[in-house]
Each structure stands twice: as C-alpha cells, then as structure tokens.
Amino acid sequence: MPDVVTRFAPSPTGYLHIGGARTALFNWLFARRNGGKFLLRIEDTDQERSTPGAVKAILEGLTWLGITWDEGPYFQMERMALYRKEAERLLAEGRAYRCVCTPEELDARREAARARGEKPHYDRRCRNLPPGEAEGKPSVVRFLAPLSGRTVVRDLLRGNVAYENEQLDDLVLLRTDGSPTYNFVVVVDDATMGITHVLRGDDHLNNTPRQILLYEALGYPLPRFGHFPLIHGMEGGKLSKRQDDVSVTAYRDRGFLPEAMINYLVRLGWGHGDQEIFSVEELQKIFSLESVGKSPSRFDPEKLLHVNAHYIKTGEPDRLAVLLVPFLRRRGIEAEPSAWLAKAVRTFQERSRTLEEMAEASEYYFRRKDPDPKTAEKFLTPEMAPLLEEIARELADLPDFTPVAMEPVLLRAAENRGVKLGKVAQPVRVALTGGTVSPGLFEVMDVLGRDEVIRRLLHASGTIRGG
RNA sequence: GUCCCCAUCGUCUAGUCUGGCCAAGGACACCGCCCUUUCACGGCGGCGACCGGGGUUCAAAUCCCCGUGGGGACGCCA
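Taking the working numbering, the leading residue of the first sequence gets -5, the next gets one more, and so forth.
Treat the hints as calculated values from the structure; they're not laboratory data. We put the CB at the ideal spot given by N, CA and C, even for glycine. Some hints could be false.
Unchecked claim - Below, computed lysine-lysine pairings styled on DSSO-like, alpha-carbon distance capped at 30 angstroms: (1) K235 / K50; (2) K417 / K337; (3) K113 / K288; (4) K417 / K363; (5) K337 / K307; (6) K307 / K297; (7) K414 / K372; (8) K414 / K337; (9) K297 / K279; (10) K297 / K50; (11) K131 / K113.
Claimed, not checked - Taking CB as the label site, the calculated pair distances span: (12) E354 / G153: 46 to 52 angstroms; (13) G434 / R406: 17 to 23 angstroms; (14) E270 / D197: 25 to 31 angstroms.
Make the full structure from the sequences, and use the hints.
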C-alpha cells in the first residue's frame, strides 16, 4: 500500500467545473509528488440528479486536462450492499436509530428554529422511540451522535479546528428508500478504499467533524484531512453559472490549451516564489500542500488568457496545427494538418491568445477576403493600381519566392515613389488579406504562395480600375 | 440567526511558521515610451497593497486580542 492515496469524488450532476478541476488537480499532483495513487470515484447516490451524461462530461474534462487516475472510476451505486451492511452494524450496535419524521415535518421545524434564531438542527425526537415503533412506517436511519464533548479536525492546511459536539447533528445515514447519503458513503468509501489524504474544498470543512465521529463509530482509522480555499467568480462568492464560465470543456471549445488551464489553475491558491509558468512534469516534482494558501481566490479569465497566449506562443507548430483544425472547420474551412498549416500557424503564434482567435484571424490564408468599403477607399486608391501591378510583375520574376527576396521589391517600389515602406505595405496588405492587420507581409506572402499573391494583387488592381 | 474559515496592489501571488535582509518583490490588467511595413511579440518606465484599533517587543506585513469585512456550512444534495 503506497504511503499516499488521494481521490477525486465528484457528483455527476453536471460538467466538470473550474473548482472541481482544481481539486482534482491538487489531489493528483499531491499523489504524484509523493509516489502515491490517485483514485476517481463517482458520488452518484443522489439518483434524482445523477446522470450518465454528467459522468461522461467529467471523465472527458479530466482526460482533456491530462489528469489520469490509477483506479476507478468507482460508482457508489455499485457498492450499495457495503453501505447497507455498515448501516446495519451501527444499528445493531446502538450507534444509529430509526427516525419516522417526515421531510415536511423537518422542514417546518427547521423554519421554526431559524425564526427563533437557533441553529436549525434536527431535534433528535426519534432517539427514544419505543422499540418496534418504527416498524411498518417509512423511516430513515440516523446516526446517534454524541451530545457533549468536542471534536477536533486536524487539518493539514488550517491547523486544528475544534467543534462542540452539541453543534453537530444526528445526520441521516440511509434515506427512506434505503439509499445512503453523502456523509455516510464518503466515510465508508474513503476508509475502505484506503484513502490516506482527504483533500477537498473548504465547503466540506464543516462536514468533517461529523465524518470523524462516523469514522470512530465504525472503527475506521482516520485519514488526514486538508481543505482548500474555494475559487470565487470575479464578483466574489461562489462561481456562478450565470456570471462566470465555469465548465472546463467550454474553455477547451473556445481554444484554450490544457497545459494553460493546468498552469492557471494550479496558481489559484498555490505559489512557488515568483514563478508563473510550470510544466506538468515540474509540478509533479515540486507541488506541496505547505505552499497552498488559505484564502479564497478569484477566477480571472484575463489572466487565463495571458497564460494560454504564452503556451500558444511557445507551442509546437505541428501540434497546434492539429488542434487548430476543428476550429477552422467550425468556420467552414476544410483544413488538414500539414507542414503548410504549421507554417501558417507559426505566423500567428505571437498574435493569438486562443486557437479560436487564431482560426478567425487566419481565414484569409484559406480564401480571399475582400476589404470593407471604408478600408478599400482608404488604401486601394486609383494611384495604387499601377503599383500593385508593378509589384505583382516583379514578384513573378523573382528567381526564389522567399521573404528575403520579396523585401527589396517592396522597398524599391516605395523608393521609386519617394514614400516610406508603410505607404506601400498597407495597400498590399489590404489586397492580400482584406484588412490592415496581419502578420509580417512577407510571412503572409510566403504562406499564400506566389500564385495566390499575384492573383490577389491583380484582383485588387482590377477592382480599382473596374470600380 | 448559529457555527466555522479567511484577510498583502483592481486580480493572482512572494514575504507570515523561524519578527529585523520589506521606504513590501513578481505576474495579469491599465497607462506611457522604445522597437516597427500593420497588429502583435519583446524591452524600458509608471500607477497600485500589508482592512482598522489595541497590545507584546529595541524592532511587527509577520506574534496576541478585539473589531470590521468577505466567504462557507447549517438537507432524506454532494
């Protein structure tokens, strides 16, 4: 058994979101760093809300990020017999009892308690039900929690956190239909799966003392606990579906690179001196819980964009070409990965923050784009027609159609007219790309190829003369 | 309401454990300049923070207390 076994245990009620992805990442890195194992477990005991589609989406998200699990995915629905057995045991040992209160009654009492300014807790009235009273009635199984004393959570990140047991609740272990609830299964599973480090979001800190009590009642050894600060949206507070983009795959579909996502996510709540850029390999060597902060952080799409730009800038053109293809197709451009596409990619690596941006910006490599009237009027003026034709002619005569050979052609054209290069370059750029913004002119020509360059230059001059 | 957690630039953070090296460093964003065939990239510079109040100490961003603020939890959700 390795010294470290961690897990990620999402509930399949939606896609993999940013917060869950970071929790998975931290667990994974911690396991890898310590030569341990990382398991995946699907918490699907809520049959109302769990869906197969969500399971698929979560696995897809993790796979895209490159977060690999050593065991699983385990499904709790397949482990029902175990939970029932453990619940029976607690019942038999008098550490759990049947409760016949209905959800409606509980709701009403909760409301009343809140109105009185009390903590809205179950009042434990079924604790002393006469034997047999619950027979034949719908009932749940509740944990018989201690009424006094205190439970201390020894948290790896926060130190010791003490709770008065009287603040805790007799939580429901088994629902009326016999299915187990979260706080119960999580304990049974973590214990039986040999999880050594339970590392999860801060929203679970308050559950931990109850779970510790359950560990004790069940006679399980206690794992170590660690609670990460939550990730908030830019408005503060939990990431919300409405205000923030929270799905990991949505970022994939918008042209973000997985390594950028990992890099950005790991820096939310964790730091390593002044360093900003980390490869996964490096993270697996240096990630540590000690460097995880305690305060919540905000998810900032601007910075993610910056990190993604970095990875696009430094990425392998061949790989980026492969990744770019779907984004081109989405724009109706049937492209295939190729050396040519990689060359095209190279010209945009320093000016695209996402693959989506790259696909959009590089459209004119695949089909001619005509300038809008305003741009045409400004740059494709009547006196430009002979110039474009002259340039086309000279380019046609070039022994080698290379950037170094092209440059003197434009330089000469500018010199002959006594203007700066820019005066000539912009009209050519508009003729070639339909716009005033593009990679270096000679790079663009190189990608387009001699024939297409000449074709577009003459088309532009033809338009000027004809219109 | 009760319980719990947290608190350094607008944002992510370094520094806090082991007080002095901090007139607080880096990154994103923003602004200016340079480079330049456009846009970017890059380079240089600027703006910008220790939540407040008490204490401890020769010395506090760092330790303690109290406020305040933010967040989380209080479910037959996870």
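Range hint 25 to 31 angstroms: satisfied by the CB atoms of E270 and D197?
Since E270 and D197 have Cβ atoms about 28 angstroms apart, the given range 25 to 31 angstroms holds.
Within a Cα-Cα threshold of 30 angstroms, do K414 and K337 meet the stated pairing?
Distance of about 29 angstroms is within 30 angstroms: holds.
With a cut-off of 30 angstroms on the C-alpha distance, tell me whether K307 and K297 pass.
15 angstroms, holds
Holds or violated: K131 with K113, Cα cutoff 30 angstroms?
28 angstroms, holds
Starting from K414, check that the Cα of K372 is at most 30 angstroms away, please.
It holds: about 17 angstroms lies between the C-alpha atoms, which stays within 30 angstroms.
Take a quick look at whether K337 and K307 sit within 30 angstroms of each other, Cα to Cα.
14 angstroms, holds
Pair hint K417 and K363, alpha-carbon separation not exceeding 30 angstroms:
21 angstroms, holds
Do the alpha carbons of K417 and K337 lie within 30 angstroms of each other, as the hint requires?
Between K417 and K337 the Cα gap is close to 27 angstroms, so the pair holds against 30 angstroms.
Would the hint linking K297 and K279 be met if the CA-CA limit is 30 angstroms?
The hint holds at about 24 angstroms.
Hinted pair, alpha-carbon criterion (30 angstroms max): K297, K50. Please report holds or violated.
Judged against 30 angstroms, a Cα distance of about 29 angstroms means the pair holds.
With 17 to 23 angstroms as the target window, see if G434 and R406 comply at their CB atoms.
Given range 17 to 23 angstroms: holds, Cβ gap about 18 angstroms.
Can you confirm whether the C-alpha distance between K235 and K50 stays at or below 30 angstroms?
This hinted pair holds, its Cα atoms lying about 20 angstroms apart.
Figure legend: structure checked against the earlier numbered hints; every hint is met.
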